[in-house]
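Visitor: Given next are the chains, with one letter for each unit.
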Amino acid sequence: MNISKLAILANLPVSDDEAKNLDNQFQLTVDFINHLKEIKTNGVTETSQVTGKTNQFREDEITAGLTQDQALQNAPRTNKGFFVSKIKWE
Amino acid sequence: MGINDIKKIDSRIHAFISFNDNADKEKGFPVAVKDNFNTMGIQTSAASNILKGYIPPYDATVVRKLKEAGAVIVGKTNMDAFAHGSSTETSDFGPTSNPWNLDYLPGGSSGGSAAAVASGEVSVAIGSETAGSIRQPAAWCGIVGLKPTYGRVSRYGLISMASSTDSPGTLAATVADAAKIYRIIAGHDPLDASSSQQLLGRPEQVSLKNITIGIPKEYFRSESQKGINDKVMSAARVLEKLGAKIKKISLFDPKFAISVYTIVQRSEVSSNLSRFDGIRFGKTRDFFNQENKRRIMLGTYTLSAGYYDAYYKKAQQVRTIIIEDFARAFSNVNVIIGPTSPSTALKKGSSKDQPLFGELQDIFVEPSSLAGLPAINVPCGFINGLPVGMQIIGPQWSEEKLISVAQTYEENTDWHKNKPKLW
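Taken in order, these protein sequences are the chains called R and H. Going from the first sequence to the working numbering is simple: count from 1 and add 83. Going from the second sequence to the working numbering is simple: count from 1 and add 195.
FYI, nobody ran anything at the bench for these hints, they're computed from the structure. Think of the CB as a built atom: it goes at the ideal place given N, C-alpha and C, for glycine as much as any other residue. Heads up, a few of these hints could be off.
[To be verified] Calculated Cβ distances over 12 Å to all of chain R for the following chain H residues:
no.: 1; residue: K203
no.: 2; residue: N217
no.: 3; residue: A388
no.: 4; residue: R416
no.: 5; residue: E519
[Stated by the list, open to error] Restraint-style ranges between C-beta atoms, simulated for each label pair:
no.: 6; chain 1: H; residue 1: L617; chain 2: R; residue 2: K163; range: 30 to 38 Å
no.: 7; chain 1: H; residue 1: K442; chain 2: R; residue 2: I145; range: 51 to 59 Å
no.: 8; chain 1: R; residue 1: E129; chain 2: H; residue 2: P252; range: 33 to 41 Å
no.: 9; chain 1: R; residue 1: Q139; chain 2: H; residue 2: P252; range: 47 to 55 Å
no.: 10; chain 1: R; residue 1: N138; chain 2: H; residue 2: E263; range: 27 to 35 Å
no.: 11; chain 1: H; residue 1: D481; chain 2: R; residue 2: G148; range: 16 to 24 Å
no.: 12; chain 1: H; residue 1: D481; chain 2: R; residue 2: Q156; range: 18 to 26 Å
no.: 13; chain 1: R; residue 1: F166; chain 2: H; residue 2: G236; range: 35 to 43 Å
no.: 14; chain 1: H; residue 1: A505; chain 2: R; residue 2: A102; range: 19 to 27 Å
[Claimed, not checked] With a straight-line Cα cutoff of 27 Å, these simulated DSSO-like cross-link-like pairs (lysine-lysine) come out:
no.: 15; chain 1: H; residue 1: K508; chain 2: R; residue 2: K120
no.: 16; chain 1: H; residue 1: K222; chain 2: H; residue 2: K262
no.: 17; chain 1: H; residue 1: K262; chain 2: R; residue 2: K169
no.: 18; chain 1: H; residue 1: K508; chain 2: R; residue 2: K88
no.: 19; chain 1: H; residue 1: K412; chain 2: R; residue 2: K123
no.: 20; chain 1: H; residue 1: K436; chain 2: H; residue 2: K421
no.: 21; chain 1: H; residue 1: K203; chain 2: H; residue 2: K247
no.: 22; chain 1: R; residue 1: K169; chain 2: H; residue 2: K247
no.: 23; chain 1: H; residue 1: K375; chain 2: H; residue 2: K543
no.: 24; chain 1: H; residue 1: K542; chain 2: H; residue 2: K508
no.: 25; chain 1: R; residue 1: K88; chain 2: H; residue 2: K614
With the hints as constraints, model all of the structure from the sequences given.
Guide: Here's what the structure looks like:
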């Protein structure tokens, strides 16, 4: 398992020491969960949710939401009513 | 009890992350709320440094309903950071102590709520359960913990862990109090598309003569701590003496539910925690703790191309088997009784560097959580001064039946009258 690659996929900063630790702990977890292979599941449908509900709809009417100030109030950086994020140039 | 008295007790146990210092001026009944429920104007941190200082601009539906019913929120309780644990010692703000023995853990992830009730700081508290996080701390702290059917209580404003099993619920000193708060917070919410339109049942007085209790042999394991099985069987016998029938049953081995839950939960966690980007709120992702990182990364792995079929899809298929197994059992019995936890509370430090600590502790609660079933923990004894909990599990939407059976047990025993001595 490539911890560094996983860290990139998960968008998580992981130091070299952390990566070593995580590698061992991962292996323990994966070794444990592998016993699910013993169970026959041919033809068994997956359960994604247990209430049997299907898509919920409502009328397409505007309802009250957060004000712009409320939405921005916890942002570390804002600019003229916008969130500020890092720009990635490709 | 005023805020200053609560703070005095809390200096011993650290059940709370923050207090509402205006609580004494507000009129109503006091409630403690786990710190993963958004409370407008009051810090909501999920016990994580990522959200330290985050002040929500809205109330979770559970919080709004409580306020409308006259509750006063006295403070936000400690928990495992982002609910990633069964001990409360992975909180970024320090552990909570079990009021029965301060060297021991209260359980988790709703450990702060459980300790706040057990210590007498409050008589009711709100918790959330993804798999065990209400029942297990209730068992370790010797109180009542009610986990409703998944979809019974709105998750709007609850910081998500595993969206397909997260269930808000109540912790209290008595069954009646847990039930009272449950009836306030339960019910359909249009703001939560997964919340059910199923009508709440009416409070009922169930005659135990109409109740068959299933005792699954797989939940009474020889590996459990000595004494746990006996205490819980004695509790079931109390109900038998009062008229219930006991039937031995066999359930799908819960050891497989550990793996199903490990995969499903971590997969959903990896998705849910991607929203913590440090742009709209909170700090950057390097503020996640080790447990958070472990879980996010394992979930990323089990959902990734080449591994999704072997892990996530497989786990959801085994989940179907677990659900069908319970349905089969409930065609022969009305409720299922077993230990909530394989041990009494463990010492502080027990969860350190144990990647599967929570999942192993929660072996007896994971199957019913994966199936979305309701369950209640009631105290049923002590071993070496630490509480033992019995769980009563029912079919979907059977909360009122569970409450009635639990209430009958409580009325005929004295365990709930014991209180820890903090000084």
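Visitor: Would you mind marking each hint as holding or not holding in the structure?
Guide: Taking the hints in turn, this is what the structure says about them:
no.	hint	verdict
1	K203	holds, 32 Å
2	N217	holds, 20 Å
3	A388	violated, 4 Å
4	R416	holds, 16 Å
5	E519	violated, 9 Å
6	H:L617 to R:K163: 30 to 38 Å	violated, 53 Å
7	H:K442 to R:I145: 51 to 59 Å	holds, 55 Å
8	R:E129 to H:P252: 33 to 41 Å	holds, 37 Å
9	R:Q139 to H:P252: 47 to 55 Å	violated, 24 Å
10	R:N138 to H:E263: 27 to 35 Å	holds, 29 Å
11	H:D481 to R:G148: 16 to 24 Å	violated, 31 Å
12	H:D481 to R:Q156: 18 to 26 Å	holds, 23 Å
13	R:F166 to H:G236: 35 to 43 Å	violated, 21 Å
14	H:A505 to R:A102: 19 to 27 Å	holds, 23 Å
15	H:K508 to R:K120	holds, 12 Å
16	H:K222 to H:K262	holds, 11 Å
17	H:K262 to R:K169	violated, 39 Å
18	H:K508 to R:K88	holds, 22 Å
19	H:K412 to R:K123	holds, 22 Å
20	H:K436 to H:K421	holds, 24 Å
21	H:K203 to H:K247	holds, 23 Å
22	R:K169 to H:K247	holds, 22 Å
23	H:K375 to H:K543	violated, 33 Å
24	H:K542 to H:K508	violated, 36 Å
25	R:K88 to H:K614	violated, 51 Å
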